[in-house]
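Q: Two chains, two frames, some hints: make the complex.
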Amino acid sequence: AQSVSQHNHHVILSEAASLELGCNYSYGGTVNLFWYVQYPGQHLQLLLKYFSGDPLVKGIKGFEAEFIKSKFSFNLRKPSVQWSDTAEYFCAATYNQGGKLIFGQGTELSVKP
Amino acid sequence: KAGVTQTPRYLIKTRGQQVTLSCSPISGHRSVSWYQQTPGQGLQFLFEYFSETQRNKGNFPGRFSGRQFSNSRSEMNVSTLELGDSALYLCASRPTGTSGAIYSYNEQFFGPGTRLTVL
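Going down the list, the protein sequences come from chains A and B. Just so you know, our numbering puts 77 at position 61 of the first sequence, and the rest follows in order with no gaps. Just so you know, our numbering puts -7 at position 4 of the second sequence, and the rest follows in order with no gaps.
A hint or two may mislead.
Stated by the list, open to error - Below, a list of computed lysine to aspartate or glutamate pairs in the DMTMM-like style, where the Cα atoms sit at most 25 Å apart:
# : chain 1 : residue 1 : chain 2 : residue 2
1 : A       : Lys74     : B       : Glu96
2 : A       : Lys77     : B       : Glu71
3 : A       : Lys65     : A       : Glu82
Stated by the list, open to error - Not close to chain B: a few residues of chain A, all C-beta gaps over 10 Å, as computed:
#  : residue
4  : His23
5  : Ala33
6  : Lys87
7  : Gln98
8  : Trp99
9  : Ile118
10 : Ser126
Unchecked claim - Taking CB as the label site, the calculated pair distances span:
#  : chain 1 : residue 1 : chain 2 : residue 2 : range
11 : B       : Leu77     : A       : Phe67     : 25 to 35 Å
12 : B       : Phe49     : A       : Gln58     : 22 to 32 Å
13 : A       : Lys74     : B       : Gln6      : 40 to 50 Å
14 : B       : Gly17     : A       : Gly78     : 43 to 53 Å
15 : A       : Trp99     : B       : Pro28     : 19 to 29 Å
In case anyone wonders, no lab produced these hints; they're calculated from the structure. Ideal placement from N, C-alpha and C gives every residue a C-beta, glycine not left out.
For reference, chain B alone in the conformation it holds in the complex (with noise of 0.2 Å):
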C-alpha cells in the first residue's frame, strides 16, 4: 500500500497570505490528524477527522482550520500567515477496526510533511 502522501513538500510564503496543505492517508484509513512540529515547541496536535466530521482539536487560533472529503482525503488551512506558523506540518492517518470503529491504541501512519516558510 502507499504511504500517507503530502503536497506540497516545501512552500514558501508571505505574512497575511494564506496557504492550504493537502494530505491523502493510506488507502481504507478513515481518520486524518495533522500535527506542527517546530524546534521550540516540538510535536503538537492540530486537529483530527474522522468520516468527514472534526473529532478532536488542539490548541491552535481558529486561523488554523481543517476538512474531510467523502475519500478521506484532508486539507488544512492557515489563513493571515505569521512568522510562527513557520513549521514542518504532519498529517497521520490511523486504521479502522473491524467494526468500522477507530480505537487510540491504532498506530498513526505519519506523512512526510510539508514545509511551510513564512517570510
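Only chain A is shown next, with the shape it has when bound in the complex (with noise of 0.2 Å):
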C-alpha cells in the first residue's frame, strides 16, 4: 500500500541547532514529493516539492530536502533553526499522477528561544 511516514513525532531544539526531519515513503510508482508546513493558528503551506531532476531541493525559509530513491527517503533539513520555525511540519506524496495526497503522521517542531 502507497504510504508515507515520518521518524520523529515531536523534535525540541534550541535556536541555531541544525534540523533533520525524516521521511519514508513506500514504492508505488512514479512518485512526487512534498514537505507542507503548519504554523501555529494558520493553514498547511508548502515548504518544498520534488518530482524530477536534482534531487537536492531548495525551499522557503532556507529549508532543503534530498530525495534518495534508494532508501524511499526524502528527509528535510535547516542547518540553523530559529524560534519561529516552531510548527508541526508534514510529509506527503501522489503517486503515479494522481492528485491524492496521502500524508506522513506529521512532527511538531518546537524550537527554544
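A: Have a look at this one:
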C-alpha cells in the first residue's frame, strides 16, 4: 500500500541548532514528494516539492530536502533553526499522476529561544 | 489572489445530524480536494473533484459525499454524524497546466479548515 512515514513525532531544538526530519515513502510507482508546514493557528503551506531532476530541492525559509531513491527517503533539513520555525511539519506524496496527497503522521517541532 | 476560503469555520452538531461544508478555491483553480485532520489519524484524503467530476475517493464510508459546481466551488456533506467525525476538514485547490490538465506535482493550496465538533 502507498504510505508515508515520519520518524519523529516531536523534536525539540534550541535556536541555531541544525534540523533534520526524516521521511520515508513506500514504493508505489512514480512519486512526487512534498513537505508542508502548519504554523500554530495557520493553514498548511508548502515548503518545497520534488518531482524530477536535481534530488536536492531548496524551498522557502532556508529549508531543503534530499530525495534518495535507493532509500525511499525525502528528509527535510535546515542548517540553523529559529524560534519562528516552531510548527508541525508534514511529509506527503502523490503517486502515479494522481492528486491524492498521502501524508505522514507529522512532526511537531519546538524551537527554544 | 485570494486564498482558498472555507465556510463555516466552526460548527457544532449532534450525533445523527447532517452537515454541509463549503469551499471556494483560488480563482482559476479547477481541482478541489478534501482532507480530514484528526489527532489520531492525521491527515486523510476524502475526495478530489475536477471539472465537476469526482476523480478520486479515499477510504471513507458513503456518509461522506461531495460535489463541485460549474464555478469550481465545492461542498462536502456528512450525513448521520458520529462522534468520530469530529475533525478539522481541509479543502485544497490546485492549478491546471497550460493545457488545462492537472498534474500530480502541482502544489495544493490549503484553506484554513472547518472545525466540526459532534456532540
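Q: So, for every hint listed, does it hold in this structure?
A: Structure-based check of all given hints:
1. A:Lys74 x B:Glu96: holds (15 Å)
2. A:Lys77 x B:Glu71: violated (40 Å)
3. A:Lys65 x A:Glu82: holds (10 Å)
4. His23: Check passes; 15 Å lies beyond 10 Å.
5. Ala33: Non-interface label stands for Ala33 of chain A: nearest chain B Cβ at 26 Å, farther than 10 Å.
6. Lys87: holds (21 Å)
7. Gln98: Nearest chain B Cβ is 23 Å from Gln98 of chain A, so the label holds.
8. Trp99: About 23 Å separates Trp99 of chain A from the closest Cβ of chain B, which puts it past 10 Å; holds.
9. Ile118: violated (7 Å)
10. Ser126: holds (17 Å)
11. B:Leu77 x A:Phe67: 25 to 35 Å: holds (27 Å)
12. B:Phe49 x A:Gln58: 22 to 32 Å: Since the Cβ atoms of Phe49 of chain B and Gln58 of chain A sit about 26 Å apart, the hinted range of 22 to 32 Å holds.
13. A:Lys74 x B:Gln6: 40 to 50 Å: Taking Cβ atoms as reference, Lys74 of chain A and Gln6 of chain B lie about 47 Å apart, which means the hint holds.
14. B:Gly17 x A:Gly78: 43 to 53 Å: violated (30 Å)
15. A:Trp99 x B:Pro28: 19 to 29 Å: holds (24 Å)
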